[in-house]
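Please construct the entire structure, taking both the sequences and the accompanying hints into account.
So the protein sequences, as listed, match chains A and B.
The first sequence begins at 1 in the numbering used here and counts up by one.
The second sequence begins at 1 in the numbering used here and counts up by one.
Simulated from the structure, these hints should not be mistaken for laboratory data.
C-beta atoms are modelled at their ideal positions from N, C-alpha and C, and glycine is treated no differently.
Treat each hint with caution, since some may be false.
Label-pair ranges, simulated between beta-carbon atoms [stated by the list, open to error]:
#1 A/Val207 - B/Thr95: 50 to 58 Å
#2 B/Ser32 - A/Val207: 42 to 50 Å
#3 B/Met123 - A/Pro375: 45 to 53 Å
#4 A/Leu406 - B/Trp28: 25 to 33 Å
#5 A/Gly273 - B/Thr95: 44 to 52 Å
#6 B/Ser32 - A/Val430: 50 to 58 Å
#7 A/Ser459 - B/Met123: 35 to 43 Å
#8 A/Asp79 - B/Gln40: 35 to 43 Å
#9 A/Asp27 - B/Gln40: 53 to 61 Å
#10 B/Trp28 - A/Ala157: 51 to 59 Å
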Amino acid sequence: MPTGSNARTLTRLLATAAVPLWIVTADHKIGYVSAAAAEWLGVEGDELINRLCTSGSAASQHPLDALAASLSPPAGLADRGEMTMMIQPNTTQGATPRTALFVRIGRDSAAFTLAIAGDFHPHEWDASFTESTAIRQQLDAWRKRYAALAVTVSAGASPAAKRLRARLQIAAKIRCHLGFFGPSGCGAEALAQRIHQLSAPGEVIVVVEGPLMDAELLEATIAPAVDVLTESPSSAATVLVRALDEMPMEAQSRLADVVTNAAGRLRLIGLCGVQPSLFCEPLALGHDTTLGGDVAPGRDASIDHAIDDAATDRIIEPRLAECVSVLSVSIEPLRTRVEDLPVLASALLDARHAAGAGPAERLSRAALDSIVAYPWPSNFWELEAAIRHAVRACAGDIVMPEHLPLAVRSYRSAELIQPEAAPVDLDAAVARYESKLIQDALVASDHNRAEAARRLGISRARLLRKIDEAKAPSQDPATRDAS
Amino acid sequence: MNVTPRHWIVSESGARWRKACWRFVPEWLGQSESLLVHSQPPGEVSARAERLGGGVLLWEIEWKQAAELPTLARMAASGAKRDDWLQIVAAASLTPRDRCALSEMGIAAFIRHPEDLPQLRRMVTGHFARVHRVLH
Numbered sequence: 001m002p003t004g005s006n007a008r009t010l011t012r013l014l015a016t017a018a019v020p021l022w023i024v025t026a027d028h029k030i031g032y033v034s035a036a037a038a039e040w041l042g043v044e045g046d047e048l049i050n051r052l053c054t055s056g057s058a059a060s061q062h063p064l065d066a067l068a069a070s071l072s073p074p075a076g077l078a079d080r081g082e083m084t085m086m087i088q089p090n091t092t093q094g095a096t097p098r099t100a101l102f103v104r105i106g107r108d109s110a111a112f113t114l115a116i117a118g119d120f121h122p123h124e125w126d127a128s129f130t131e132s133t134a135i136r137q138q139l140d141a142w143r144k145r146y147a148a149l150a151v152t153v154s155a156g157a158s159p160a161a162k163r164l165r166a167r168l169q170i171a172a173k174i175r176c177h178l179g180f181f182g183p184s185g186c187g188a189e190a191l192a193q194r195i196h197q198l199s200a201p202g203e204v205i206v207v208v209e210g211p212l213m214d215a216e217l218l219e220a221t222i223a224p225a226v227d228v229l230t231e232s233p234s235s236a237a238t239v240l241v242r243a244l245d246e247m248p249m250e251a252q253s254r255l256a257d258v259v260t261n262a263a264g265r266l267r268l269i270g271l272c273g274v275q276p277s278l279f280c281e282p283l284a285l286g287h288d289t290t291l292g293g294d295v296a297p298g299r300d301a302s303i304d305h306a307i308d309d310a311a312t313d314r315i316i317e318p319r320l321a322e323c324v325s326v327l328s329v330s331i332e333p334l335r336t337r338v339e340d341l342p343v344l345a346s347a348l349l350d351a352r353h354a355a356g357a358g359p360a361e362r363l364s365r366a367a368l369d370s371i372v373a374y375p376w377p378s379n380f381w382e383l384e385a386a387i388r389h390a391v392r393a394c395a396g397d398i399v400m401p402e403h404l405p406l407a408v409r410s411y412r413s414a415e416l417i418q419p420e421a422a423p424v425d426l427d428a429a430v431a432r433y434e435s436k437l438i439q440d441a442l443v444a445s446d447h448n449r450a451e452a453a454r455r456l457g458i459s460r461a462r463l464l465r466k467i468d469e470a471k472a473p474s475q476d477p478a479t480r481d482a483s
Numbered sequence: 001m002n003v004t005p006r007h008w009i010v011s012e013s014g015a016r017w018r019k020a021c022w023r024f025v026p027e028w029l030g031q032s033e034s035l036l037v038h039s040q041p042p043g044e045v046s047a048r049a050e051r052l053g054g055g056v057l058l059w060e061i062e063w064k065q066a067a068e069l070p071t072l073a074r075m076a077a078s079g080a081k082r083d084d085w086l087q088i089v090a091a092a093s094l095t096p097r098d099r100c101a102l103s104e105m106g107i108a109a110f111i112r113h114p115e116d117l118p119q120l121r122r123m124v125t126g127h128f129a130r131v132h133r134v135l136h
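Right under this line is the structure:
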């Protein structure tokens, strides 16, 4: 295929295009007809050039004028910019009607219209593409506004997403101790790393696997950060602790000692589980050199007590609890961010597509429905894995439900399953239905059994037998014996 | 314990909204409430609503059915006569004019996709609380 930036390349591309193309000039005349269009219409392309092409109305009785008029763009194109319409060529050559996409290029007298005939389905286009376009626009706006903070987990329009972005914006501007609170798989570490890059660019960061630490191992792990601190009095470093609230208390105490002694030069970023309610409260910012960060200097006893409670509940050493409450970022689980799911999934898909992982470039509505219905117990990590799976499984450009992992596409809430899973006794159900029909027939015939049998299309003897059978199971055994 | 049923009548062509109801609505219920979702063809909704007494009516309109809005409006109007039914329309593409017309017929809310359903939590729980006060 020819490529280049000169007009000749464009000409060659248009001439060799397999789909019919034509151009309508600003003065509503045919300005160009491609070879494929001429073949479709059964005429020589040059015969149509400069013929009036507007409103579907021909300039004369000449057949080529009528044909040119039938190629005219729909009304309202100037306002909308692009429209689709079924073109029915006014020709005796038997050209089949085709849907054409009209695109208006330029403004006023310099404008021209490019028409492309193909198998467009305007209504389906509207239904499915409008939504993916809306998601794309939402994502583009998010990327533009939060360019530096564009970590996928913060995308979306839910109140939770907005709160998260507001907190992140603050965290990105201040170098202070940080606490990230959220369930497992919520994407906290990616956010923490990004915030670190923005708030303290170039600063050494050491990642600590909290639950695996004891005091000695912790010292060995954070040694590079401590070494940086000893290099000069102005040097600084950051320790990022995964699952801080699951870290053994012995290691937490040692870490608290190191952080306190560093007097603000060693920053702590703690990744924790669910946030204690205390940490949701805004704390007045002050400066306390003993804690090495901004803390609330005027806390009252109730807050201290609450910190103790929270620390006990979450098993966080009190000094570390104070550190992670300096500025806390709460990440809510995906099940409470249902309205963000289409945007998050699309953002992940865009990233995979851009990375060349597969041809899939948008999610079908059915796939989005499956994603919305699933509760995502492992949160963002699971969503990311599901999209990765879908991109691998999808050979086309649209991800369908069957491309999603089995757990996602086959998920049904427990309440929905129960009615269908309940065993059905077919014989009993048929017997109940038959009994109801017999009862209705008897009532309708004023309990005349012969008449009821006639209404039911069976013999009287058979009706009596069925009445006896219906009575038999429900008859009290004692009564049966007595009779 | 006395369990209060919370009825949802869903009129749709598939099972999309029934699934959405079961996915989101149970989280809104108290311990003494239970969810009952009834799938009904449009023509039978009114009779079913009459029998059940009160709840939420969810109408699905596909874009292909947009031309059938007058029919829906008539049905919605029949439901609007009963204050104990909260009517919701689920449609991917409704013009503002369609929405205005349907609002006049008693449609309380419009949603486009299942992910919009949780946004109606306050409205729906408020409706059930109001109906409960009226009936008891």
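Hint check:
About 53 Å separates the C-beta atoms of A/Val207 and B/Thr95, a value consistent with the hinted range of 50 to 58 Å. The given range of 42 to 50 Å is respected by B/Ser32 and A/Val207, whose C-beta atoms sit roughly 48 Å from each other. Taking the beta carbon of each, B/Met123 and A/Pro375 are about 23 Å apart, not inside 45 to 53 Å as hinted. Taking 25 to 33 Å as the suggested C-beta distance range, the pair A/Leu406 and B/Trp28 conforms, at roughly 29 Å.
Distance hint check: the CB atoms of A/Gly273 and B/Thr95 are about 47 Å apart, consistent with the given range 44 to 52 Å. The given range of 50 to 58 Å is broken by B/Ser32 and A/Val430, whose C-beta atoms sit roughly 37 Å from each other. Between A/Ser459 and B/Met123 the beta carbon distance is about 59 Å. The supplied range of 35 to 43 Å is therefore violated. One distance hint, 35 to 43 Å for the beta-carbon pair A/Asp79 and B/Gln40, holds here, with the actual separation near 42 Å.
With their beta carbons about 58 Å apart, A/Asp27 and B/Gln40 fall inside the hinted range of 53 to 61 Å. Taking the beta carbon of each, B/Trp28 and A/Ala157 are about 21 Å apart, not inside 51 to 59 Å as hinted.
In summary, the structure is inconsistent with hints 3, 6, 7 and 10 from the numbered list given earlier, while agreeing with the others.
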